[in-house]
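S.K.: The primary structure of each chain is shown beneath.
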Amino acid sequence: MNNPINLYDSFFRALGCAALDPKLSGILIIDATYDELDGIASIYRQMIEAVSNKPIKIELLNTTAKDDDLWGRPGLNGLKEDMFQWHPGILANDKNENEFDKLIQIPDLSLSNINVLRAIIQTLGVDNIAVERHGFSFVSHQKRYWISRCSQDSLNKIPSHVLDRFDVKTHINNSRSTIQKEQYQNARFMNKLALNHDFFNPYSKLDDKIINQLQKAKQTEAFFPKDSINKVFEILDVENFSFSFRIPISLARLSIGYAMLDGIHKVKKTHVNEAARFLGFNISDKSKVKKKVQIANLLSGNITIKHSNLMPNDQQEFSISMVQEEQKENDSDLKVDDNYSQISNKEEVILQTNDDLNIQSMLIKSNKDDSFPESKQCLQLPVKNKIGQSLKGGMIIGYEPAKSLQDISIIHTLMESAKYQKIRNKYKTKKRFWISPIDFQAHRRARIPEMILILLIDFTCLHDEIDETPLLDQLTWAYSKRALIYLIRVGASDAYDELRAEKLLGQNILTPRINDWLEAEPGTATPLAHGLELVYQTLVQCLNVRYGNTPIIKVVILSDGRGNVTLEDSLKNQVTRTITREGIDDALKVAKRIQQFNNVEKIYLNPVPKYYKNIPLALANELKAKVIPIFDQDID
Amino acid sequence: MNENSYDYSILPYSLIVGQKSIKMALELLYIAPRIGGVLISGHSGTGKTTAVRAFSQMMHKKMPVTLPINATEDRVIGGWRIDELMRGKDTIQEGLVEEANNGMLFIDEVNLLDDHIVNIILDVIATGKLCIQRDGIRSEKNISFNLIGTMNPEEGGLRPQLLDRFGLLVSIQAETDPNIRQNILSTILEFDCAIRQVKAGKTSEFIEHGREMDSKFQQNLDHAKATFDKITLDNNIEKACIKITNEFDIEGHRGDYVTALSAKALAALEGSSQVKLKHIEKVAPMALQHRKSDMYQDSHQQWSEEDQRKLRKLLYSE
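If you read the protein sequences in the order shown, they are chains A and B.
In terms of the working numbering, the first sequence is residues 9 to 644.
In terms of the working numbering, the second sequence is residues -17 to 300.
Extracted from the complex, chain B is given alone in its bound form:
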């Protein structure tokens, strides 16, 4: 499913108030696609889906390829065009996984996805290949995409294999700062007003201002992406990544890699020529919290104040 026209019902990304961690994760993924994916976990009404759609609209001028939880298997991996088939023509239709190739695949409420669809996604991500052997179709294609998922932890967790495929996990809480809350509400109400204006055939200064800011911000991100490969990552930083993953008892090597990659992307975003410890401090919670061995997928915060203190101590104690 793809719609290419600008959707005015989506709040411009630059106008989203708060939710800094979601924004940072999405931006880092854009700069360094090898991060692999972002999972946004938070309770209902915390702006998860809004942020993802707004980001896609800003960067790609369209909605992301979306895998709805009601999708059937043939639409995920591809199959026959049924309407054509029923007329006696065998026309192959590409699936959502293929449609998302070299881009992003967005799964809203990913923890509600049917189990066998999860298996398909896992297979494709793990092997980098989409193998179709069904309904008389046999094909094999190289596929690569970034996975962006949202979930409400109240409804249960994700299988560890799938969770691990998300480079970064953002656990969001409702904003508690009264000023930010008020800003959020007034932005939403102003946006409601702007939509009414657009629907009435008028132009909205609010939306135009947002689009203008989006355009500038997009340039910044593109610039950061272009400079990403030039950012240096010295030995000490690499050692620091390994040290913290060891101390936090992280299984596998993906934790080190994603931490370093994300820190590098953040350095690019901040216009720094090299990765510093402060970059690791900012990205490590997102890269490591879902890989901790004592991690339980419930509604509690995964990265505690104590974890943050421990992280700072590990990074700056020597």
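Isolated chain A (complex conformation):
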């Protein structure tokens, strides 16, 4: 049987392109299993080795790594005369010349702790890394490649800044043909994960032929003509483009890789398209693609061909001439140099059944709709001595000089004092292991807000006559518990964007801006669905495993339920159609998603409107929230 790993397979072809350009050094594969990641990492490593002619070491970066694990630390060196020596970290080494380049493998990016995420920001895509720790100062010149995975559902747990550092973000389904995907889903369902086992076997070896292909490609100097640059920007519409320039750069670099693999010096639009599809962009010329697929299928008479096993020798004749005819019609300037591009064109045709993997749009949408605003906080280290910080609570994220004898790290205290032993014993008559008060090291822990209030206020339903006592009761609870407060405003007159809800984090209810926000006047639009979406996202973030112990969360919603902006319009920040009850329907849908958080106390403050009294009750029902009426004083 032919080796399934070949450069005619679109997935491995893209992996080869990434290996060809060391600047495409971060790969994120969405929805891959842990086994698949292992296999892909192994293949990617071999590809990089083939291109760079250097050995590459895979380093597994666990999700709970501490700073000392990442950057290095002084450590014991057995019983040798130099008792201590610098122990290199996973990400940096002072002995550059003797060290392997590394492929850093992160099993699940969404579960990574704050140290790992900060390290990614600092190192991914950076050639020279400055390390200034524990009396050591050096610049690490090692080349680091990164590969990771996460599930699609957990993408919103990863700060957008971190996601942006990964140049190549793709879906694991890009590695399978349509038929394979179906079979794979079935196999997964049946708990038979063998289908792709050979495909992504961590022990798979690259054929010499692939190594030669990659090395030959490395020798090809490809340049990017202006029309292809235009093509890059055609694919990225202006709206999408506005948040990071890394996207067009990655797209262009990957396109160059495709041209190099094809042995072509001038990057074609087809290369840009191929790269764009792999990165999950919707390509505008789908009609052409569909036509090609139809021709290919027609000729094959059988759409079950597995692209991954398509080899030049046994199936090259398949529809190639017709496809190429079609290709020539569509792209008259494409001159195929050799078999690589012939096959790649055919591959491209066969693979374009997969238009549903719009990863980039998903990521961009996620960024634009502020669906992970909580990332604003999560890359910053916890501030000390804040109200709400629990000594016994958070996960250990590092060590620091102790200010009291609580929560002492004995090992690190001994290590700290060991550094000074020779000096201290120099002036002492008795040779002992001396520990000074300045040696004491305490654990540094992630801050845990023990109590959290998530408060959504729909300002368009407020008026002077409303009895605010139930709301004040909730604020009093937040004050007495020193709770962290997330205030989500819907329909405030001074909102930055009228069509969107806004979220503010306060360390407690006394935060001045919380008070400012509570004083808002009613606006005209009611983006309730977006407000509830922010509630949902905040719950996801607060319950994220990264924060360690689960906090006590109370969700309080004050609204008459009459949303008049659809979620889509809020995300796009423009009114796309006349709204009847879609705003309400969207709010109900999001409320149902919030319902799934069973361990969160939900309270619905019902303003009991004169009209449509059933709407707030329906919303409360979807939330499974306790309803507290806020009686209009007029009624009383």
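Since the hints were made in silico from the structure, they are not lab data.
Hints are supplied without guarantee of correctness; some may be wrong.
[Stated by the list, open to error] Residues from chain B shown here face chain A by an in silico Cβ test under 7 Å; the list is partial:
id, residue
1, GLY27
2, MET41
3, LYS44
4, THR48
5, ALA53
6, ASP96
7, GLU136
8, LEU171
[Stated by the list, open to error] When the alpha-carbon atoms are kept at most 27 Å apart in a straight line, the in silico DSS-like pairs for lysine-lysine are as follows:
id, chain 1, residue 1, chain 2, residue 2
9, B, LYS221, B, LYS295
10, A, LYS151, A, LYS234
11, B, LYS5, B, LYS260
12, B, LYS181, A, LYS226
13, B, LYS274, A, LYS31
14, B, LYS221, B, LYS44
15, B, LYS5, A, LYS31
16, A, LYS634, A, LYS618
17, A, LYS151, B, LYS184
18, B, LYS264, A, LYS430
19, B, LYS264, B, LYS207
20, A, LYS74, A, LYS151
21, A, LYS274, B, LYS225
22, A, LYS224, B, LYS181
23, B, LYS225, B, LYS260
24, A, LYS226, B, LYS184
25, A, LYS31, B, LYS207
26, A, LYS234, A, LYS274
27, B, LYS260, B, LYS212
28, B, LYS181, A, LYS274
29, B, LYS225, A, LYS439
30, B, LYS258, B, LYS295
31, B, LYS181, A, LYS151
[As the list claims (entries may be wrong)] Covered stretches of chain A (in silico footprint by chain B; criterion: 3 or more residues with CB under 8 Å from a CB of chain B, positions within the stretch not fixed):
id, stretch
32, 47 to 61
33, 281 to 289
We put the beta carbon where it would ideally sit given N, CA and C, even for glycine.
With chain A held as given, fit chain B onto it using these hints.
M.R.: The following block gives chain B in isolation, referenced to the frame of chain A:
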């Protein structure tokens, strides 16, 4: 951390397309170091770090002294050489703050810096002295440096005390002009190509051209720096600075001072013998936006069109 050799992996400063405001801020700081510092705030992938490194390479032929966010306290303020210490020798090692003395200290992702490191930096900037009292070391030194920081506002803001120490704040947005975008991308791709050539042992015309332009531009900046003290700043200009800081409800006096200083530096850069209102118009947003009382450090633009209209009205209405 300092590396003294020319780093070919850094794009020559003169070849950077767009990002005019970052460039202007860095150049003004070089001409008038008393501005104190520049904070560059912008989303990921907007070329913040690239610009700072390229500028340092052009002006100082080396990377700036960089304080990484993983730095430990002893490396910031100085301490013992641990490797020597473990051999029984007490050798003092200067910290990054001291290394940056009379130069610049660059902090990438400054808003992710550990809180107690921020305190140290604030102490040194505020007092102009580095006092070390730890691990048996006691010393006091006069220290002065320019602080250059970058940050992504998505990840939270800076403490107001630290924010105030940055003379200028540049809030950058991704370029929207299609031609500039295309130029940026083609420059990056051409630079990738040039690096490959250099790594293959060849010379790159692209890089050499950039270095040549850098060299000329460096001379211009040095000339501007030399003429800075000769630039006159008349009473009307001083009054205009004070007027706009009052009208924008700026707290403290640092706003007036930095605005005037930056306008003077810009006049020197543009070869003008005196400061004009147009210079103030250009620098005031950078000098004042982070000092406005209603300023919130989020991802929204700090200086709005309305602010700019108000500024023009204040400057030119009489």
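S.K.: Each hint: holds or not?
M.R.: How the hints compare with the structure:
Because the beta carbon of B:GLY27 sits about 4 Å from the nearest beta carbon in chain A, less than 7 Å, this interface hint is met. Because the beta carbon of B:MET41 sits about 19 Å from the nearest beta carbon in chain A, more than 7 Å, this interface hint is broken. Below 7 Å, beta-carbon pairs count as interface contacts, and B:LYS44 has none with chain A, the closest being about 12 Å; its hint is therefore violated. The beta carbon of B:THR48 is positioned within 7 Å of a beta carbon in chain A (closest approach about 5 Å), and the interface hint is therefore held.
The beta carbon of B:ALA53 comes within 4 Å of a beta carbon in chain A, closer than 7 Å, and the hint placing it at the interface holds. Interface hint at B:ASP96: satisfied, since its Cβ lies 5 Å from the closest Cβ of chain A, which is below the 7 Å cut-off. At its closest, the beta carbon of B:GLU136 sits 6 Å from a beta carbon of chain A; the interface hint therefore holds under the 7 Å criterion. Proximity of B:LEU171 to chain A holds as hinted, the smallest CB-CB distance being about 5 Å (cut-off 7 Å).
Annotation: proposed proximity of B:LYS221 to B:LYS295 holds, straight-line Cα distance about 15 Å (limit 27 Å). For the hint pairing A:LYS151 with A:LYS234, the CA-to-CA distance comes to about 31 Å; that exceeds 27 Å, so the pair is violated. For the given pair, B:LYS5 sits about 18 Å from B:LYS260 by alpha-carbon distance, which is consistent with the 27 Å threshold. Distance check on the hinted pair: B:LYS181 and A:LYS226 sit about 13 Å apart at the alpha-carbon level, within 27 Å; holds.
Simply put, B:LYS274 and A:LYS31 have alpha-carbon atoms about 40 Å apart, too far for the 27 Å limit, and the pair is violated. With a CA separation close to 40 Å, the supplied pair B:LYS221 and B:LYS44 exceeds the 27 Å bound. In summary, the hint linking B:LYS5 to A:LYS31 is supported, as the alpha carbons are separated by about 25 Å, within the 27 Å threshold. At most 27 Å may separate the alpha-carbon atoms for a hinted pair to count; A:LYS634 and A:LYS618 meet this at roughly 21 Å.
Between A:LYS151 and B:LYS184, the direct Cα distance comes to roughly 21 Å. Compliance with the 27 Å bound is thereby established for this hinted pair. Our distance criterion of 27 Å between C-alpha atoms is broken by B:LYS264 and A:LYS430, whose separation comes to about 59 Å. For the hint pairing B:LYS264 with B:LYS207, the CA-to-CA distance comes to about 19 Å; that is within 27 Å, so the pair holds. Distance hint between A:LYS74 and A:LYS151 is fulfilled; the C-alpha atoms sit about 21 Å from each other, no more than 27 Å.
The suggested pairing of A:LYS274 with B:LYS225 is violated, with an alpha-carbon distance near 58 Å, which exceeds 27 Å. Restraint check: the Cα-Cα separation between A:LYS224 and B:LYS181 comes to about 18 Å, which is no more than 27 Å; the hinted pair holds. Our distance criterion of 27 Å between C-alpha atoms is met by B:LYS225 and B:LYS260, whose separation comes to about 15 Å. As the CA atoms of A:LYS226 and B:LYS184 are separated by approximately 16 Å, the hinted pair is consistent with the 27 Å bound.
Simply put, A:LYS31 and B:LYS207 have alpha-carbon atoms about 37 Å apart, too far for the 27 Å limit, and the pair is violated. Proximity of A:LYS234 to A:LYS274 is assessed by CA-CA distance (about 10 Å); at most 27 Å being required, the pair is judged to hold. Distance restraint check for B:LYS260 and B:LYS212: the Cα-Cα separation of roughly 19 Å lies within the 27 Å cut-off, and the hinted pair is therefore satisfied. Taking the CA atoms of B:LYS181 and A:LYS274, the gap is about 21 Å. The hint holds against a cut of 27 Å.
At roughly 70 Å between alpha-carbon atoms, B:LYS225 and A:LYS439 are farther apart than 27 Å, so this suggested pair is violated. For the hint linking B:LYS258 to B:LYS295, the alpha-carbon distance of about 15 Å falls within 27 Å, and the restraint holds. Straight-line distance between C-alpha atoms of B:LYS181 and A:LYS151 comes to about 14 Å, which keeps the hinted pair within the 27 Å bound. For a cut-off of 8 Å, the count of residues in the stretch 47 to 61 of chain A with a CB near a CB of chain B stands at 0, and the three-residue condition is violated.
Chain B is given as covering the stretch 281 to 289 of chain A, and this is violated because 0 residues of the stretch bring a CB closer than 8 Å to a CB of that chain, at least three being needed.
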